[in-house]
Amino acid sequence: SLDFWRLLYVLLKQIHGGRWTESDAIGAQVSFVKAVLWYHGYSRPQLQRLPADGSAGSRELLLAFSWLLHSLGLLEQLLARNRVQTGDEASVCTCEDELPSSQEGPGEAGAEDRVDVRYLQWLNGRLRLQWCSLHAQHQEHCKLLHKIHLFTSGSHMDQNLRHFSVTETDLIRQPENCKQLLQLLESETLQLEAFLEWKQLEAVYWQWMETVLDNMAEEGNMCESQDADVEKRRLPEVTSSCPWVDKLTGQMDRLSRDLLALQEQLQQRVAQRKAAWWEKVAAREELQKERFCATARKVQESVELKLGGLTSLRAPRRNRMHGSGRLVLRSTGAASRAGTAACAQEAAAAVSAAEVLAELQLREASLQRELQQLRRECRRRLDGIVEGLEGVICVSP
Amino acid sequence: MQSTGGSSSSLPCAVSAGLKAVLPGLPGLTPARDGPASGCGARAEPRGSGFSGLSTAKAGRNKPREGRAPRARGIPGTVPPAPGKHSDHRDPPARHPSDRGAAGPRGQPERLRPGAAPAARGTRPARRSWQGRSERGAGAGAGGRSGGAAAGLMLPAGCGRRAAAALRTALGEGAERRRELERRAARSRALLWRWDDEEEEQPQPGSSTEHEDRPSPKELEELELLNRALEKALKVRKSILKTPLEAQGATGKKWAGEAHAPKKAEEQQVPVPVQDIHECRKVRAGSKKPLLLKKPSPYLLRAPYRTDPDMKKLQQKVPARCVSQGPRIAGKITSKGMTSKQGRSHRTATGASAREVCAAAEPWETPGLSESAPNEQQSFSGGGSTVGKNSIADGKQLLDAGKKSCGFLGESSKKEDTAGPWERSISLGPGTLQEKGCQLKLPLSYRKAYSRNSRAWQRCRLYQTSADAAAARTRFMERIQTTFCSPKLSLSPAEIEEELRGLQDVFSHLRQYVEAEPVDPPTLQGEYESLLTLEGLQSTVSQCLQKLQLLRAALESQLRLCPDCIGDVGSCSPACVPARGQTCDSADMLAVPLLYYSSLQELRDLFALKLQVSMLHQEIAIQKVMMAELLPVLEPRPFLEGSAGLFRAIHTQLCEGGRHFPVLVRDELLD
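Quick note, the sequences are listed as chains R and C, same order.
First residue of the first sequence: 844, per the working numbering; consecutive thereafter.
First residue of the second sequence: 669, per the working numbering; consecutive thereafter.
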């Protein structure tokens, strides 16, 4: 069962983007696996009660593993994650990576007690500079990519691609690299074939799991009574001291504060508008009402349409574009020609850069708004501070 | 290729100018009372302290003058002097790095560069220098007119440090990305280079017999011309560099076989070698595109790029990539950085290589030399300017010759190409990936493996789980979920997180709608519409609030099951915080979609926009940290005399993203 813990640890660590080392203490491994299972909603008490030294529970782990297989698509995820890259890829999704939380350098702390604001400004300047140079680098990279794609067009045997990627071009230059890449590709192919084989036997596997579950349940009945005790004792200890929880609750608090503020604002405006509306309606003649009904219905429809986008906003989150795609150059003429052929035989999604651009633009606009909003808030508060001053006028740029 | 060089160089220019713009921007914050003179002194010193040597001193002296110029222009226009004692206002010294880079004075940057470089490289030393400066500023103030000016710019320890840490983290992340990107760009650049080189290489090693006897009449003629021009240039150089020539270094000895003791002239050269390497490399890059070579000034402008250590490494690598013998030798010499002996060693090197190897070396070699001549002349500014001009003129001559032979080379390889196995009409220049790219074939083994692999992916993707397997699976899943201790339909923490993110998204849209709603619609119909919209929004908001409540409850109940809060309460292990597993790749995991782009512009837009988005993301995160840290600094205390500067700085940081400065006018009617 020790090995089983380790296996799960390694697999889950991969999915959660962490680095794993063989040397991690078994206790940490066990608690990591438990935490991840909890995170994904696997709340089987029997698992959580397993000892931290990893000495027991191989059958529990088997169940958990099976659960992960389906609910997370564990195998698929792993396959996709470790896919050998032969193309030039660019991510198409607009989900943001979490920014690494800033931590203070340990040496930094005691050395200087106070920080010059100008130091902050200087850092900020450097950051903007870095953005500029990143931009330029990206542009150069694009140019190079495009050239390579353009120059090798028509060479690739895959009719959907038609040109080499950087990796493939490099392959021709340095054939010695070929061996390594080939090995990778071949082992991946083997993995895929194994996956297919497993898929064919899947029914058997799940039946076996059911029997495991039955056995576990029989044994479990015996110690049920003790469990209840444990259960009760555990309940009161809800202490959220971990940063993840803190962050989440912080976000919730902030959101609810904002929502409440918005609600208040809306209430005011609605009340205002309503009053004005009734006044006007009263002033106008009743006979207009007939005709107005038609327009009112139209207005209602248009509003519903307008707000419909809002409610549907949360649904399509799932089928947005995610992950990364292989960059393929295709002139518009060729696209329409080859497009039909490609679509027919290929189920793989093909995204056009224009679509991604559109989505990115939306995202950019909303981020821009958020930033402006934050700045406005700052300005408001700083204006408040200045107002408290006598004889100083602040002229905003 | 050439345009590549152009873009990579225009970036650094903006960068260095930007850096400059950032640095002088800061002194602008010191109160006017300090007076320009003392301000300059303080400004120049710390920057110089990191360096020794000629150029630094120059940099130190040049900088403040330049930094002041825009300010002096700005003041009279913007705000009339307040009637009171003093008005503490400045024109924004720098709007935006790139703006400034385009508009700012261009002649200076590379001279300033050595001074700016360390500031860009390491945070720590630079920081110390800032720290030092502010102290000095405070000291000067105490001795002079008014104290506490710099002290007013200090932030309390905790919050300042946290804010700085946030910025530094962002910087570190960016640096990481830059490195990665640079690595990739270097790879693709190498691919594009390689074909150039190969074109030239092919004829040289004598693999094709037809070519070996070819470089006879015309090429030799060119060669002769080049050699003569070279000698002339060397004469001129010698006349300028009498002293430095004595300082022959190790490489010089090796190549020229001459024993000269290195002398103290070396210390003068300290800043030079770096420049020289780059100059050479640049020329080399340029020789592919002779047009660029025509004007020496663009190079000087590009110089700031040299600051970047990564770039430097890369540039040094480039000469090594040149396959023909001549340049390789020259590359070695120049990259050793012994400027002064370049003259001699060059001669020997070229002399040797010219006859034996090939003409290809020459066009590269010579411009390098011609470039270095004016360059040196600049740094040893004692030399007469007329001589310098001569050498430049010589350089031009050489360039022309080089160009010619370049063209010739091109022709010859073209000829060879048409005669060779590739039977294609060539429209563009010789030796590019372009002409060969279309015929390239991937190795057979790779092609096999590739198609097998993609077929396997395809099959996996299209595989349909059989009905009984699916049924067994669902049965198992349902059964195991009945044993869970959480209520059946409750959300997992991952789902809670996801839902919360969705809610935040909805909220930002809601706010946008509210803001877009007209305050006073003109028509009756518009008014009605607005009313309905507002009501609709209202109901959505309350739905969101309800949803949030549910999420809160779900989180509570999940926390009760949290494994790490069972045993040891309080010491929550890091495992409790699973990094968000990429929630984003759940849809169709086994397919990598193809991302079609139709033009270079589209590709560029794509990447630019992606960067912009992630930049905004980062900026927002920083803004939040700053708000949390900096606002409390100002809010509680009664506004002190000295903290106007602090207020201004924070205002800039929080409301303008550091781009603009507000003007504070003290409106005191004292008489």
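Be careful, since some hints might not be right.
As the list claims (entries may be wrong) - With a straight-line cut-off of 25 Å between C-alpha atoms, the simulated SDA-like cross-links for lysine to any residue are:
{"#": "1", "chain 1": "R", "residue 1": "Lys1117", "chain 2": "C", "residue 2": "Glu1185"}
{"#": "2", "chain 1": "C", "residue 1": "Lys1116", "chain 2": "R", "residue 2": "Gln928"}
{"#": "3", "chain 1": "R", "residue 1": "Lys1123", "chain 2": "C", "residue 2": "Leu1112"}
{"#": "4", "chain 1": "R", "residue 1": "Lys1149", "chain 2": "R", "residue 2": "Lys1090"}
{"#": "5", "chain 1": "C", "residue 1": "Lys1278", "chain 2": "R", "residue 2": "Leu1200"}
{"#": "6", "chain 1": "C", "residue 1": "Lys1292", "chain 2": "R", "residue 2": "Glu1062"}
{"#": "7", "chain 1": "C", "residue 1": "Lys1116", "chain 2": "R", "residue 2": "Ala1037"}
{"#": "8", "chain 1": "R", "residue 1": "Lys1090", "chain 2": "R", "residue 2": "Gln1211"}
{"#": "9", "chain 1": "C", "residue 1": "Lys1278", "chain 2": "R", "residue 2": "Leu1205"}
{"#": "10", "chain 1": "R", "residue 1": "Lys1022", "chain 2": "C", "residue 2": "Arg851"}
{"#": "11", "chain 1": "R", "residue 1": "Lys1090", "chain 2": "C", "residue 2": "Lys1109"}
{"#": "12", "chain 1": "R", "residue 1": "Lys1042", "chain 2": "C", "residue 2": "Thr1133"}
{"#": "13", "chain 1": "C", "residue 1": "Lys1116", "chain 2": "R", "residue 2": "Leu1205"}
{"#": "14", "chain 1": "R", "residue 1": "Lys1117", "chain 2": "C", "residue 2": "Leu1213"}
{"#": "15", "chain 1": "C", "residue 1": "Lys1116", "chain 2": "R", "residue 2": "Arg1005"}
{"#": "16", "chain 1": "R", "residue 1": "Lys1123", "chain 2": "C", "residue 2": "Leu1262"}
{"#": "17", "chain 1": "R", "residue 1": "Lys1042", "chain 2": "R", "residue 2": "Val1055"}
{"#": "18", "chain 1": "R", "residue 1": "Lys1149", "chain 2": "C", "residue 2": "His1177"}
{"#": "19", "chain 1": "C", "residue 1": "Lys1109", "chain 2": "R", "residue 2": "Lys1141"}
{"#": "20", "chain 1": "R", "residue 1": "Lys1149", "chain 2": "C", "residue 2": "Gln1269"}
{"#": "21", "chain 1": "R", "residue 1": "Lys1042", "chain 2": "R", "residue 2": "Leu922"}
{"#": "22", "chain 1": "C", "residue 1": "Lys1278", "chain 2": "C", "residue 2": "Ser1176"}
{"#": "23", "chain 1": "R", "residue 1": "Lys1117", "chain 2": "C", "residue 2": "Ser1210"}
{"#": "24", "chain 1": "R", "residue 1": "Lys1022", "chain 2": "C", "residue 2": "Lys1116"}
{"#": "25", "chain 1": "C", "residue 1": "Lys1215", "chain 2": "R", "residue 2": "Phe847"}
{"#": "26", "chain 1": "R", "residue 1": "Lys1117", "chain 2": "C", "residue 2": "His1177"}
{"#": "27", "chain 1": "R", "residue 1": "Lys1141", "chain 2": "R", "residue 2": "Gln1115"}
Honestly, the hints are just simulated from the structure, not real lab data.
Hints, one by one, checked against the model:
Between lysine 1117 of chain R and glutamate 1185 of chain C, the direct Cα distance comes to roughly 15 Å. Compliance with the 25 Å bound is thereby established for this hinted pair. For a cut-off of 25 Å, the pair hint linking lysine 1116 of chain C to glutamine 928 of chain R stands: about 16 Å separates their Cα positions. With a C-alpha separation of about 81 Å, the suggested pair lysine 1123 of chain R and leucine 1112 of chain C falls outside the 25 Å cut-off, and the hint is violated. Distance hint between lysine 1149 of chain R and lysine 1090 of chain R is unfulfilled; the C-alpha atoms sit about 33 Å from each other, more than 25 Å.
Between lysine 1278 of chain C and leucine 1200 of chain R, the direct Cα distance comes to roughly 9 Å. Compliance with the 25 Å bound is thereby established for this hinted pair. This hinted pair does not check out: lysine 1292 of chain C and glutamate 1062 of chain R have alpha carbons roughly 53 Å apart, beyond 25 Å. For the proposed pair lysine 1116 of chain C and alanine 1037 of chain R, the alpha carbon gap of about 19 Å is at most 25 Å, so the pair holds. As the CA atoms of lysine 1090 of chain R and glutamine 1211 of chain R are separated by approximately 23 Å, the hinted pair is consistent with the 25 Å bound.
Distance check on the hinted pair: lysine 1278 of chain C and leucine 1205 of chain R sit about 12 Å apart at the alpha-carbon level, within 25 Å; holds. Restraint check for lysine 1022 of chain R and arginine 851 of chain C: the C-alpha separation of about 22 Å stays at or below 25 Å, so the hint holds. Taken as a hint, the lysine 1090 of chain R and lysine 1109 of chain C pair is broken in the structure, with Cα atoms around 53 Å apart against an allowance of 25 Å. At roughly 7 Å between alpha-carbon atoms, lysine 1042 of chain R and threonine 1133 of chain C fall within 25 Å of each other, so this suggested pair holds.
Between the alpha carbons of lysine 1116 of chain C and leucine 1205 of chain R the distance comes to roughly 42 Å, so the proposed pair goes past 25 Å and is violated. With a C-alpha separation of about 23 Å, the suggested pair lysine 1117 of chain R and leucine 1213 of chain C falls inside the 25 Å cut-off, and the hint holds. Restraint check: the Cα-Cα separation between lysine 1116 of chain C and arginine 1005 of chain R comes to about 16 Å, which is no more than 25 Å; the hinted pair holds. This hinted pair does not check out: lysine 1123 of chain R and leucine 1262 of chain C have alpha carbons roughly 57 Å apart, beyond 25 Å.
For the hint pairing lysine 1042 of chain R with valine 1055 of chain R, the CA-to-CA distance comes to about 20 Å; that is within 25 Å, so the pair holds. Using a Cα cut-off of 25 Å, the hinted pair lysine 1149 of chain R and histidine 1177 of chain C holds, with the two alpha carbons roughly 12 Å apart. Under the criterion of a C-alpha separation no larger than 25 Å, the hint pairing lysine 1109 of chain C with lysine 1141 of chain R is inconsistent with the structure, at around 63 Å. The hinted pair formed by lysine 1149 of chain R and glutamine 1269 of chain C fails the criterion: a straight-line CA distance of about 33 Å is larger than 25 Å.
As the CA atoms of lysine 1042 of chain R and leucine 922 of chain R are separated by approximately 14 Å, the hinted pair is consistent with the 25 Å bound. Taking the CA atoms of lysine 1278 of chain C and serine 1176 of chain C, the gap is about 20 Å. The hint holds against a cut of 25 Å. Using a Cα cut-off of 25 Å, the hinted pair lysine 1117 of chain R and serine 1210 of chain C holds, with the two alpha carbons roughly 19 Å apart. A hinted pair counts as satisfied when its Cα atoms are at most 25 Å apart, and lysine 1022 of chain R with lysine 1116 of chain C qualifies at roughly 13 Å.
Straight-line distance between C-alpha atoms of lysine 1215 of chain C and phenylalanine 847 of chain R comes to about 39 Å, which puts the hinted pair past the 25 Å bound. Only pairs whose Cα atoms come within 25 Å are accepted, and lysine 1117 of chain R paired with histidine 1177 of chain C is accepted, the gap being roughly 24 Å. For the hint pairing lysine 1141 of chain R with glutamine 1115 of chain R, the CA-to-CA distance comes to about 23 Å; that is within 25 Å, so the pair holds.
Hints 3, 4, 6, 11, 13, 16, 19, 20 and 25 from the list above are not met by this structure, while the remaining hints are.
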